[in-house]
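> Okay, here's what each chain looks like letter by letter:
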Amino acid sequence: MSQLFQEAIIVSILAATIRAMTPLLFSAMGELITQRAGIWNMGVEGTMLMGAFTAYIAATWTGSLWLAVLAAIFAGALMGLIFAFMTATLRVDHFIAGLGLNLLVSGLTLYWFQSYVQGRAQPKFASFQDIAVPFLSDIPFLGPILFSQRLLTYVAFLAVPTVWFLLYRSRYGLELRCLGENPKALDVKGLSVTARQFAAVMAGSAMTGLGGGFLMLGLSDRFVADFTAGRGWIVVVALIAGNWKPKGVLIAVTAFAILDSLAMHLQVLGTPVPRQLLLALPYLASVVLLMGVRFRSSQPGQLGVPYKRS
Amino acid sequence: IAIGPGLARATEPDKLRIAVILSAGLESGWDATLIQALERVKAKKPHGLEITWKNTDPLWGDDAGDAMRVFAESGQYDIIWAHSSYSDQVKKLKDEFPDILFVVAGSGNEGLGGNQYWVYKRTYEPAYLLGTIAGKMTKSNKLGAVGPFPSDDINDEINAFFDGAKAVNPKIERSVAFIESWYDPAKAAAYTSAQVATGADLIFQLMDTFKPCEEAKIVCFGALQDQHSLSPSTVLSSAMALWDPDVNHIIDAWWAHKAEGKPYAGNTDKHWFAMKDGGAAMAPYGELESKLPQDVRGDVEALKAKIMAGSFEVPLDVSDPKAH
Amino acid sequence: MSTALRVEGLTKRFAGVAANDDVDFDLRPGEIHCLFGENGAGKSTLSSCIFGLYRPDKGQILVLEKPVHIASPIDAIRHGIGMVHQHFVLVPEFTVLENIIVGTQRSGWRLNAAEARQKLKAICDGYGLDIDFDAYVWQLPVGRQQWVEILKALYLDAQILILDEPTAVLTPGESRILFDIMGKMCARGLSIILITHKLIEVMQSNRVTVLRKGKVVATLNTAETSPDELARLMVGRDVSFTISKQELTPGETVVAVNKLTAVGLWGEAVLKDVSFSVARHEILGIAGVAGNGQKELFEVLCGVRKPKTGSIRLMNEEIAGLTPRCLMDRGVGHIPDDRFREGLVPEFNVAENLVLGWQRSAKYRSGPLMNAKAIARLARDMIAQYQIATRDEKVAAGKLSGGNAQKIIIAREFLNASGLILANQPTRGLDVGVIEYVQSQLLRKRDEGFAIILASEELSDLFGLADRIAVMFKGEIMGVVDTKQTTLAEVGVMMAGQRLQTAHSLERIQA
Amino acid sequence: MIRFEQRSEQNSLWTAASFAMAILAGLAAVALLLVSTGANIAQVFDALIMGAVGSPKALATTLVKATPIILTGLATVIAFRAQLYSIGQEGQVFAGAMGGYLGAQLMAGMPPLLFFPAVLLSGMAAGMLFGWLAAMLRNSFAVNEIISTLMLNYLVVYLLSWLLEGGPWGESGGTVSYQQSPMLSGDDFLPALFGSRVLHAGVILPFIAATICSIVISRTPLGLEIRGLGYNPVALRHKGVNIGRTVFIVLMTSGALAALAGAIELFGVAHRLRADNLVGLGYTGIIVGMIGGLRPLGTVLAGLFFGGLASGAVYMRVLGDVPGSLVPAIQGITLFFFLCAGVLARYRVVKVAVQ
Ligand SMILES: Nc1ncnc2c1ncn2[C@@H]1O[C@H](COP(=O)(O)OP(=O)(O)OP(=O)(O)O)[C@@H](O)[C@H]1O
Ligand SMILES: Nc1ncnc2c1ncn2[C@@H]1O[C@H](COP(=O)(O)OP(=O)(O)OP(=O)(O)O)[C@@H](O)[C@H]1O
Ligand SMILES: [Mg+2]
Ligand SMILES: [Mg+2]
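Residue numbers (our numbering), protein chains in the order written: chain Y, 1 to 310; chain G, 1 to 324; chain B, 1 to 511; chain Z, 1 to 355.
Derived by calculation from the structure, the hints in this document are not laboratory data. There's no promise every hint is true.
[What the hints assert, rightly or not] In the EDC-like style, the derived pairs of lysine to aspartate or glutamate whose C-alpha atoms are separated by at most 20 angstroms in a straight line are:
#: 1; chain 1: Y; residue 1: 189; chain 2: B; residue 2: 93
#: 2; chain 1: Z; residue 1: 57; chain 2: G; residue 2: 289
#: 3; chain 1: Y; residue 1: 124; chain 2: G; residue 2: 226
[As the list claims (entries may be wrong)] Only part of the chain Z face toward chain B is listed, based on derived beta-carbon distances under 7 angstroms:
#: 4; residue: 228
#: 5; residue: 234
#: 6; residue: 235
#: 7; residue: 239
#: 8; residue: 240
#: 9; residue: 243
These figures come from a predicted structure and were not determined experimentally. Even for Gly, the Cβ is constructed at its ideal location relative to N, Cα and C.
Start from the sequences, fold in the hints, and give me the full structure.
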């Protein structure tokens, strides 16, 4: 336990935190865009999984990681298209459509995966490596935590201010937030609510897909059934806990990842506590934390409510 | 055509059809090694048998039971090989199909005897050997092991790995991580990285995840199959499971029943083939061989020879491995 | 004479029922043209067809005598048509400016607020409007929010403005300002279609078209008609506007409120030391500009808001802090002001809404199940009695026009209350025919011995119905006056925040 | 040009037609998927049908497999109708098995007539406890029920893992294994029906539960309150309904139903407590409830359909050469087409003249 406070271990805990945050941040920012547009996409898990799967296929097929990144983004956008069709066009309950998407993707990816490998040894690929930022990565303590990460990790952290700017400083953001709060306000100005919902969901899902893609390309080297293992749900939780704001979501994701990383290191260090308790720690703490905080909810007013004109 | 004992000869089979119910899929070492062993045995045509088999994708629990029933009722199969802990399901079937030989594999089963055979697999002996290598090569005197869930036939190899290390290097510290999941490569990688970060410089990797070892440029050991090809630059050797003697043993038992009319006599206790019987082995060193000091290699060879000769018995410890 | 807008033979059906039936209508440049009609007559439907929200089944629309095709609001806006909807279409979480400019910028990445701000400032200056563009809409009083709606239309350069019941949420003072501004608009050549149920307002227009059951009954020059004639045209019978109130002596005290205080979500005081009492055979009117604590007072009285301190005695029993259920069982009826949020479940059908709250009572049950027959019978009775315009009792309440939805609530509450009736804005948005009915029902309940607390922004309601009037300002009661001994002016002064004693002296000085 | 227009009321013929179209379109999509991987379509469907309904035994298996998912489906219906988006069914199934197991330990040796109701109830009580937790967190701490139930799902899995491993319920003695309890004694198995080897008495319960749910939701005052809670809790509060209490009732009932599934699996199928046979029953139940249109009787049909798929899947895997993961893919595809059919049923196609 006392080892926990050694510098090397603290560095490791924090570096692991930042690494684990990357896919969550991409997906959470994507889901933030989607939800701010009033569409509650419960299919984050499925969208991430599809992103990861497509990235896997693309990476093993073409051998190019960047093509695989594009493929994940594209797959995410495609999932978004399906989801937008279900929710914005058909007005199916968002929650239900999202869970359906998860099921569909879980089955399809596994089916395609098994058809793809078909008995042969599972193809693997060489995943993204850390990029040490010159000079910065040599800073003691902070260097290895912040400046020796995968390239996409930096992109993921940049995505937070970018999404903030998009939401609050661009005209698209104003329309986007309006979609979530009161789509009728756009409708009565003669603007197509449906088209904007499609755009928002597809853009958001593309980012979500990228999150899954990074999980595959940056943190793994092969695909397995239900590869994302519940990370999509963590994203949904982070969004609610982060009160639908970029900074809040960033904090929620960070808190979860730190707890997770801490629990992991505690187990590895041989803390004499049942392993299950350590594994449960991030989940337990999330609930306890949420019990303590109360804020004015910024949940978009029409989140999850299919829009109908009359 | 002979008579008398020839009667038995007359029904002497020339074909053996096996149904295999997998547990984790062909991507996993557990299932892949069995199929590889079947291939090898098939090529040798024991008792002149032409062996064919059909395998399902992973099935669990009652689905596996249903599949066994379908196989059994089809009358197309002589042996139903359920490659995981399925004795609960076999229990419901074995008396109904007394002629079929049921096989269950590994920990979590119950020895039912009769026409259920329980094959056990322990790779703790090669794991011990790997441990002695690790114990000598480590600079930090800290070794790591990453596994899915603790259990009898996981604990044995992890403990043996550390015991082997300890035997050559008393200063060894151990770090154990169970990720509580069968497949989550990203999680396994995170745990492995954490072990590396907390000082482990050699990892016994039971989750097939070598990326963190590559990043940290450290040596890893694989489990169940030779995993050198997965990560040539990090995997020095693996503790391999070989099912050939088990397959042969089962085929013999079936033959004895079928051709010689002996009753099935499945084991009720765990039984496994040791390294000296060909049930486990240490994988050849890969391209990392050159990194291995000559004296270490010599010591390992000597110890291996002792194990094979039976003059050294690797201690079996199935207690929950704890880090310390 | 050329028209700004003309509608010919417009028909719009909903599920087979004609909401507009062969409507002809024309709007002259620079005039205020009133649409007048019962709840559910089809006024909003007609406006929505003109604005492109609904697509008419038949008929044609001409702007400046040229046939136009209006498939969506964007076409309407392009033809210079703007609309202020019956219910606000605002984003409370946005600032005034954001609400106005959202969706209007056509190019560029960044939000360009500076230009919009200038244009808006010019508009506001032109009409003498003063509004903080950076205030959040949720912070604004309802009346101000209406200005934001109008500014939205003006910002889009509307030449033809449709105002659907804009004054329903305005105080009389605010309504006056609105009419001033409408005058200025007309002077600048804008043409206005105004929908209102208030005859005083109708009388200020140039022309009026009366709709009944989707058909145009008449189009008249306002100067050549009278409120009585309009009301008769609208309902098809005579409507009496004089409320004949029986002289009754108040009986025992039904409810006595003493030093009641309550706080809001963030701990701010919303009710301060409120005290009053109401007796049998008595109507206590609550006057005040909306947002001065009336809603909170009603919430505390009906049990959905817990008071902080103070007492409420109902028939000599302390009821402060009791649940709505307990109060309902003690005979308190409540007509909330936000009918679709607080009074009804819009997705439930009329019958279900009529038993809502009493679903567990033995009357509507057979054993553990609800008695569908009894409920249907009740629903049909109520539909007939209150003339609720609905095809049958199985129609979802949310599909009814606001007035008919209100009738469901009134029917339910009048049926179940037994001692005290709380009525917050019960006549808001209702047509004169129904208002007459509701008023007469309130008086009937008073005659029966009920105590009634009635809040209304229509001072005519209060002066016509109430025995005494309490005036609220910022959560406090400025004074309680006897209706017969007070004047509109005195109440007005108290509504602006003067206490009764000061009000008296002020009046004396003025007199 | 054609246009979709919403119907004022549902036309049952058109509704049936929509769903028939959905099934056909779903089958076509599945066939397309099979073709894309070169599988033999006829063989796959043959095996599926044979395994689902081909024999009395297949039917029995279908029923047994449908039982837990109908129950978790009903749990979904109750909660979602109130727009309490609890996704805790997964964890509550675990809780139900754990509660049942605890009950069996405490009540060992009771006469069967008392024993089975008692252990099933103790399983349900465990599920209710989880429902209570979620409701309490929502009512008293304003914790969104999606978060709390999701977190509880993880927690309960780790709890069971601990109980079965280092904890008190682990199998001791000969076969230390991956997290399982010892086998229940044979007296504690749910009795079989019609002398079948697979069909246990528990398969009756989902039908009873569905009937009760259906009546409660559509015909009782509580049902009105549950539906109203989903639509407009504010109005309900004004009309004297205790929202907090209704939330408790809904989430606890939902928890009990899901937990019953877990207890039945323990006593009727697995006969020992372990995690892997319970995984997915809760999430599948959500899908089943949704395909059933959040109506109890629809849920029964959807559950039987999924049960049939699961039962047929085994045949398909054994006889055909397609990956078993086809089944979740079929489930997902079906769900999508059913959702579309649900929408279609509410609309009618009208021809409109182009102006
Ligand atoms: N790999 C195996 N798989 C299944 N059953 C096995 C296996 N090995 C042994 N058994 C069973 O275990 C029991 C004891 O086996 P064991 O090998 O000790 O006996 P054996 O035939 O005397 O061999 P030996 O004397 O060479 O060790 C027998 O019933 C045998 O069938
Ligand atoms: N979207 C709709 N679907 C079905 N029926 C509708 C719809 N909108 C309006 N109606 C019906 O059409 C009729 C006219 O409604 P409309 O809202 O135009 O009345 P209104 O004159 O504006 O009434 P109010 O004074 O209460 O606002 C009513 O019977 C109403 O129930
Ligand atoms: Mg082993
Ligand atoms: Mg209207």
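> For every hint, state whether the structure bears it out.
Against the structure, the hints:
1. Y/189 - B/93: At roughly 18 angstroms apart (the allowed maximum being 20 angstroms), residue 93 of chain B and residue 189 of chain Y satisfy the hint.
2. Z/57 - G/289: violated (58 angstroms)
3. Y/124 - G/226: Measuring from Cα to Cα gives roughly 16 angstroms; hence the hint holds.
4. 228: holds (5 angstroms)
5. 234: Where the cut-off is 7 angstroms and the nearest Cβ of chain B is about 5 angstroms from residue 234 of chain Z, the hint holds.
6. 235: Holds, because the Cβ-Cβ distance from residue 235 of chain Z to chain B comes to roughly 5 angstroms (cut-off 7 angstroms).
7. 239: Interface hint status for residue 239 of chain Z: holds (3 angstroms vs cutoff 7 angstroms).
8. 240: holds (4 angstroms)
9. 243: At 10 angstroms from the nearest chain B Cβ, residue 243 of chain Z fails the 7 angstroms test, so the hint is violated.
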